[in-house]
Amino acid sequence: MLELRNVTKTVGAAEQIRDVSLTLQHGSLNVLLGPTLSGKTSLMRLMAGLDVPTSGSVWFDGQNVTGVPVQKRKIAMVYQQFINYPAMTVYENIASPLRVAGVEQARIDSQVREAAALLKLTPYLDRTPLNLSGGQQQRTALARAIVKNASLVLLDEPLANLDYKLREELRAELPRIFAAAGTIFVYATTEPHEALLLGGNTATLSEGRITQFGPTIDVFRRPIDLVTARTFADPPLNTIVLAKKSADFLLEGGVKLPVPAELVGIADGNYTVGFQPHHLSLERPNASAVPVRAKVTITEITGSESFIHLDFADVRWVMLTHGIRDFETDEVVDVFIDPRHIMVFDEHGRAVTAPKLAA
Amino acid sequence: MARIDVNHIRHSYLPNPRKDADFALREVHHTFEDGGAYALLGPSGCGKTTLLNIISGLLHPSHGQLLFNGRDVTSLSTQERNIAQVFQFPVIYDTMTVYDNLAFPLRNRGVPEADVDRKVRETLEMIDLASWAKKKARGLTADQKQKISLGRGLVRSDVNAILFDEPLTVIDPHMKWVLRSQLKQLHRRFGYTMVYVTHDQTEALTFADQVVVMYDGGIVQIGTPAELFERPRHTFVGYFIGSPGMNVMPVAIDGRTATLGSQRIELPGVPKAGGGAVELGIRPEYVRLGREGMSVSISKVEDLGRHKVVRARLEGREIAAVIGEDETLPAHPKVRFDPAGINIYADSWRVEMGA
Amino acid sequence: MDKTWNNKAWFLVLPVLVLVAFSAVIPLMTVVNYSVQDTFGNNVFFWAGTEWFEELLSSRRFWEAMARNLIFSFIILAIEVPLGIFIALNMPKKGWGVPVCLVLMALPLLIPWNVVGTIWQVFGRNDIGLLGYYVNALGIDFNYVQDPFDAWVIIIVMDVWHWTSLVVLLCYAGLVSIPDAFYQAAKIDGASRWAVFRYIQLPKMQRVLLIAVLLRFMDSFMIYTEPFVVTGGGPGNSTTFLSIDLVKTALGQFDLGPAAAMSLVYFLIILLLSWVFYTVMTNYDAER
Chain R
1 MLELRNVTKT VGAAEQIRDV SLTLQHGSLN VLLGPTLSGK TSLMRLMAGL DVPTSGSVWF
61 DGQNVTGVPV QKRKIAMVYQ QFINYPAMTV YENIASPLRV AGVEQARIDS QVREAAALLK
121 LTPYLDRTPL NLSGGQQQRT ALARAIVKNA SLVLLDEPLA NLDYKLREEL RAELPRIFAA
181 AGTIFVYATT EPHEALLLGG NTATLSEGRI TQFGPTIDVF RRPIDLVTAR TFADPPLNTI
241 VLAKKSADFL LEGGVKLPVP AELVGIADGN YTVGFQPHHL SLERPNASAV PVRAKVTITE
301 ITGSESFIHL DFADVRWVML THGIRDFETD EVVDVFIDPR HIMVFDEHGR AVTAPKLAA
Chain P
1 MARIDVNHIR HSYLPNPRKD ADFALREVHH TFEDGGAYAL LGPSGCGKTT LLNIISGLLH
61 PSHGQLLFNG RDVTSLSTQE RNIAQVFQFP VIYDTMTVYD NLAFPLRNRG VPEADVDRKV
121 RETLEMIDLA SWAKKKARGL TADQKQKISL GRGLVRSDVN AILFDEPLTV IDPHMKWVLR
181 SQLKQLHRRF GYTMVYVTHD QTEALTFADQ VVVMYDGGIV QIGTPAELFE RPRHTFVGYF
241 IGSPGMNVMP VAIDGRTATL GSQRIELPGV PKAGGGAVEL GIRPEYVRLG REGMSVSISK
301 VEDLGRHKVV RARLEGREIA AVIGEDETLP AHPKVRFDPA GINIYADSWR VEMGA
Chain U
1 MDKTWNNKAW FLVLPVLVLV AFSAVIPLMT VVNYSVQDTF GNNVFFWAGT EWFEELLSSR
61 RFWEAMARNL IFSFIILAIE VPLGIFIALN MPKKGWGVPV CLVLMALPLL IPWNVVGTIW
121 QVFGRNDIGL LGYYVNALGI DFNYVQDPFD AWVIIIVMDV WHWTSLVVLL CYAGLVSIPD
181 AFYQAAKIDG ASRWAVFRYI QLPKMQRVLL IAVLLRFMDS FMIYTEPFVV TGGGPGNSTT
241 FLSIDLVKTA LGQFDLGPAA AMSLVYFLII LLLSWVFYTV MTNYDAER
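Residue numbers (UniProt numbering), protein chains in the order written: chain R, 1 to 359; chain P, 1 to 355; chain U, 1 to 288.
Keep in mind that the hints were calculated from the coordinates and are not lab data.
Just so you know, not all the hints are guaranteed correct.
[What the hints assert, rightly or not] Per the computed footprint, the stretches of chain P lying under chain R, defined by three or more beta-carbons under 8 Å from a beta-carbon of chain R, are:
1) 9-19
2) 178-187
3) 237-250
Because the structure is a prediction, the values reported are computed rather than measured.
The C-beta atom is built at its ideal place from N, Cα and C for all residues, glycine as well.
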């Protein structure tokens, strides 16, 4: 179990990591999701012991390991760049951490072959990394990390330099590989889509702070604040500020968007309402959905779906619909918001939850 | 703006290419229409960047001819071709301001300063950086730098084409959406001929009117996003486009029926099949999960938020199906193939189906 | 970047601390001791206070040597930096030419100072030296032993031959790190050769150039061996630099006190330069 307790890291005047507390369990896959410079790499360096926190502490299995250097801890890292020993064969690359640890020859051989099989590298064991494709090079780096039998494996955007399709294939395999290893995996990415594909737990990062941590799909479906919701939305989250009056949010032209039943009790006033692009639709999805009028800026068609970029009172929205729907720029369309799928945030950006009923 | 004809172009990086495998570009013959938005899509090593560099003049092809509006430009230098290019990593002149960066290509060509000023201001508006004009380009974010790279092309009113070489690689996901749609708006408004190289299908499909799918040094299919999605000419296109890619399985054909193991599948028509290995391709979006059809065993369900990907085994092979975010799996799941989404392939190439 | 805190680190630097103590700190203290005393030999010393420093700083000889140093460094930089950049720009970027050029460039740097001096001392002689003889045969009256101007010429040519490679190699390293895309973009923008140099190559070389300038400045300011071997500071005092003057005073005349004072002043100048070097470099990094 890896535990960060109120960890802060400042470099010069810049606060890279602000008061992060996080507990990661053995055998878990944990995604750090956030844009560039949100602190993903800094946080990993702190977890690994490559950096020492300015304040706070790092605990591993109940022991304080703050300041214990990385060499003394069983940690493996995989980076965005494909880092292998160029002069060694794939076999020797995978075997290298075992040789350093002084493992006996017979066991090295069996472990290398096992890891190679897991990562589909068996046919390439005699090649050197420079004679491999990018995907195979990164598999080699992954195999080395796995074979090390580390208690913590850190992966810093490991698929970012691979082709889209190769990424897709490795992504699909990674959860299986991770499950087989049973250690703590931490995986940094900028892509919400990747976090969802990997599953496990997700911690969303913004400006050095962890905004939410929990099972990936829960964080996606029930973000606790607007920052998290925005971080975890691709295409970007649509938002609109609306005034709530008793059971309705008031839209222009007297249109009323019903407040979800469990939130009717919250105080009247202004709220930010957010919804995912696929929850906007051109056809009325159900009786409670309400239409709003928006102007089309541009349509993007992927072949099976269409992304329609909209301008709603100078706010950018994206609508995702099935099938091919092409619109002219500046065309005015009615789009429907489904009140069953809206998220409501208060003026501080915190998600509004249903008021507790008196017992 | 120009129409670009690529006439039987072959290119090899070797001095004396002999066999086909020596060519990075085996043979490309295609016309990029004036004002079109094209994407060159394919995995690394497929020759897409080679083709782009041949169009821009950074590479001279081993064989073949390149025409801009009917004029042979094969032997012309990059400057003489008058094109603009945006690279994978932002190329900006660090020591200059944003304004001077945009003015640079014009000043190099001896444009009078009054015209430079007018064009630069127009371009700054177009790329949404007017308020940054006086800033040093060094301090900008990656997406702003990419806009400057683009702006240096837009500022020249007479460019023949704007070429993009994986321009969104270093951009954060959120900014990708903004930049992509701005790019598309620029295309709509000004009608530039644009050629965009990428390995990312979403970028290619959303950007281009016509997507050129490349594989192993050649073009496999050219089509609209819808054509590539619904009627992939080659199983590679089926695999490469779509996420997950198309399910492809070997079948035996008898008239309107395909046989997969012990299952019989109704086809939308009679394939005009030649010989060779016959396969059936169906996209996960057309695989319907329900209580009727062929029995499958579910191996995994991936919840991607807006939809779920179901991985199942059918007749001993892995297939993928896509279901809606609120849909649930029945207790004894079965699959049906929507005939509209069925394609038949002989030796990996699609065969037409007759009535 | 913070490193992991570890007590053992002190044991690892201990040998260096001991070495520095014996090789630098203790001798320096001895020099300080000499600089405030006078001696007539036999280890008998008299307190002299700041006398030697006052004498030194008011002596013409010292300031003339100092001026020679500054002029020399200035000329060296004015020749070696542009020449180094020029050669680096024209070196091949790929192919078999790269290792050949690099080895050729590295050769002068590998030759010991005094050997370089001896080579040029012989090379430049007008009786048996290849260079001196043929220059004279061309009708140019060249004699570095007698003519101060010729003495300067040979020392400068020698230094340029010896050290331009360093500037070349540093600039070359800066140049090859520029991605191809920059050159391609410049072509597309219609940039001239000069514009490419001014807006792409020079900005990207800035950092290494700064290192090159500062290194060459400090090095040329401390020049000793080569002029000592070639001209011995002459003819007259025309090539007597601070370092040569110092050695003359200390070893030639056994004026330990004045020589010690001079070393200290020289040391302080070098220290000041090092500090400037360090500050400029770190400020430059911070700005990035």
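Hint-by-hint comparison with the structure:
| no. | hint | verdict |
| --- | --- | --- |
| 1 | 9-19 | violated (count 0) |
| 2 | 178-187 | holds (count 5) |
| 3 | 237-250 | holds (count 7) |
Comparing the model with each numbered hint stated earlier shows that hint 1 is the single one that does not hold.
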